[in-house]
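Spelled out from the first residue to the last, the chains are:
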Amino acid sequence: MARAVTTRCKSLNTALAWAIRLLIFFPILWTILISFKTEAQAIASPPLFLNFNWTLENYAIVQERSDYMRFLWNSVIIAGGSTILGVIIAVPAAWAMAFVPSKRTKDILLWMLSTKMLPAVGVLYPIYLLFIRLGLLDTRGGLVVVLMLINLPIIVWMLYTYFREIPGEILEAARMDGATLKEEILYVLTPMAIPGIASTVLLNFILAWNEAFWTLNLTAVDAAPLTAFIASYSSPEGLFFAKLSAASTMAIAPILILGWFSQKQLVRGLTFGAVK
Amino acid sequence: MATQHSRSVARLMMAPAVVLLLGWMLVPLTMTLYFSFKKYLPLRGGDLGWVGFDNYVRFVSSSSFWPAVQATLVIVGGVLVITVVLGILLAMLLDQPMWGQGVVRILVIAPFFVMPTVSALVWKNMFMDPVNGLLAHLWRFFGAEPISWLSEASMTSIIMIVSWQWLPFATLILLTAIQSLDSEQLEAAEMDGAPVLKRFYHIVLPHLSRAITIVILIQTIFLLSIFAEIFVTTGGAFGTRTLTYLIFQRVLESQNVGLGSAGGVYAIILANIVAIFLMRIVGKNLDA
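Residue numbers (this note's numbering), protein chains in the order written: chain A, 198 to 473; chain B, 97 to 384.
Derived by calculation from the structure, the hints in this document are not laboratory data.
Hints may contain errors.
[What the hints assert, rightly or not] List time: in silico DSS-like cross-link candidates among lysine-lysine, alpha-carbon distance up to 30 Å:
#1 Lys313/A - Lys303/A
#2 Lys294/B - Lys207/A
#3 Lys379/A - Lys303/A
#4 Lys300/A - Lys380/B
#5 Lys313/A - Lys135/B
#6 Lys134/B - Lys313/A
#7 Lys380/B - Lys313/A
#8 Lys379/A - Lys300/A
#9 Lys313/A - Lys300/A
Please model the entire structure based on the sequences and the hints provided.
And the structure:
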């Protein structure tokens with residue numbers, strides 16, 4: 198009897214959860230569907246759901262007209278570059294804080310977090326001015342540095358919480374066996390820390406990929422990543438639903454796939470380890 | 097255990113990150129403060145000298161200030177209420193045993209990974225377009241007159257778009273918190289005949305309170321500075337000009353740097369008030 202109730206309960210839960218899930222996911226699904234329609238079908242009334250002639254022409258046109266690959270490449274360089282640079286700078290810092298903690302470690306960590314709270318718009322003009330003076334406006338290098346600095350606190354925090362879970366005794370044992378600091382980091386710590394570093398890289402790549410304040414304000418043409426590429430479709434004459442959908446699908450697809458692998462780390466990263 | 101030697105090595109290893117962040121914080125902040133006390137119009141005469149607190153007074157007394165504060169509060173408040181309430185319900189639902197839990201969770205979290213410019217444009221065109229949008233079709237299907245969402249119901253529209261983006265975040269964090277709830281406690285309450293609402297109110301909600309606080313604080317910090325969603329939809333028109341957007345317009349569009357910088361200082365102070373509460377919670381967690 199109890200068993201039957203649970204099964205029924207479970208079916209009900211499943212049905213409800215799937216319905217809500219579809220509702221939340223629907224805008225993305227709809228965008229993907231429209232991207233395979235012709236422009237006429239995209240605005241057909243009543244809307245067509247699956248009964249249309251699937252076509253790939255929008256993808257070809259978007260690439261041809263707006264050189265999608267260039268924006269994609271900019272996004273990859275900016276998001277990837279800022280993440281790698283950030284991790285290189287953050288690993289030693291997080292290592293030091295996790296294994297040689299001092300009285301001030303907590304203050305330093307909290308202070309780093311506080312820099313993340315600085316509203317971007319508050320320092321928009323200074324950064325804009327510095328970019329002009331240093332010739333960094335509309336360059337990928339400039340954005341790599343800015344996005345690295347924005348995400349550095351999150352990278353340090355995430356790595357710190359991962360490193361802290363590695364038992365210090367193992368490092369001591371290695372030291373007893375005569376390992377130098379370099380060997381200790383290279384052969385003992387790194388292999389154990391790789392999962393943590395990997396999730397940190399993943400989450401920060403996603404955050405940098407989707408960053409849409411600095412990328413919109415500090416780029417024009419040459420260094421514009423996908424966020425700016427999509428924003429250029431907001432002009433009124435660009436009312437091409439199917440092409441806009443194709444462009445949107447291409448902009449979010451890589452990150453949706455990466456995102457699915459990182460949902461567990463997301464909680465930890467974005468709450469600075471406060472919820473695990 | 098930590099020797100003098102390892103301490104100095106540790107300090108050396110922290111140095112690059114600390115120095116970079118210190119620079120990132122101090123240099124622009126000092127510049128913003130500096131500009132905020134000047135009449136500075138890069139396109140109309142450049143640096144026109146010191147004006148004391150003039151910019152601060154003018155920013156607050158301009159006719160667009162209070163509407164901007166109101167817009168900011170309505171958007172932040174609206175999104176917070178929607179995401180937290182729906183997030184709790186959704187997290188509780190997803191916590192129930194069901195088939196395909198993994199897939200459901202993945203698809204619920206998906207909107208969070210959509211870049212802000214894409215979600216804003218998709219909503220603006222494919223859903224809220226008064227002629228061809230899906231919502232217009234839906235309205236017509238029920239015999240109603242389609243709404244031009246972004247001009248007639250601009251605030252509702254922005255809140256809808258931003259809530260859609262942030263609901264997954266709230267849900268995921270609350271779900272993580274719910275999963276750490278001791279199920280025996282709930283079962284005991286159930287055995288004792290406590291009704292669902294009572295169980296929720298006396299067991300689930302107190303357990304979630306910390307996670308809810310964190311969701312509210314983190315979202316507030318991000319929501320105070322939403323930009324792309326307004327930039328590509330209304331461009332600040334129809335009463336959707338938030339404080340962030342107002343400052344952006346002052347600085348880059350009308351190139352009144354002094355006035356914009358004073359606004360920036362206000363924004364920084366506002367964000368810091370929220371940040372202090374968040375840091376307290378995170379800091380406590382660090383000791384544990």
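Worksheet item: Okay, which hints does this one fail, numbers in order?
Response: none
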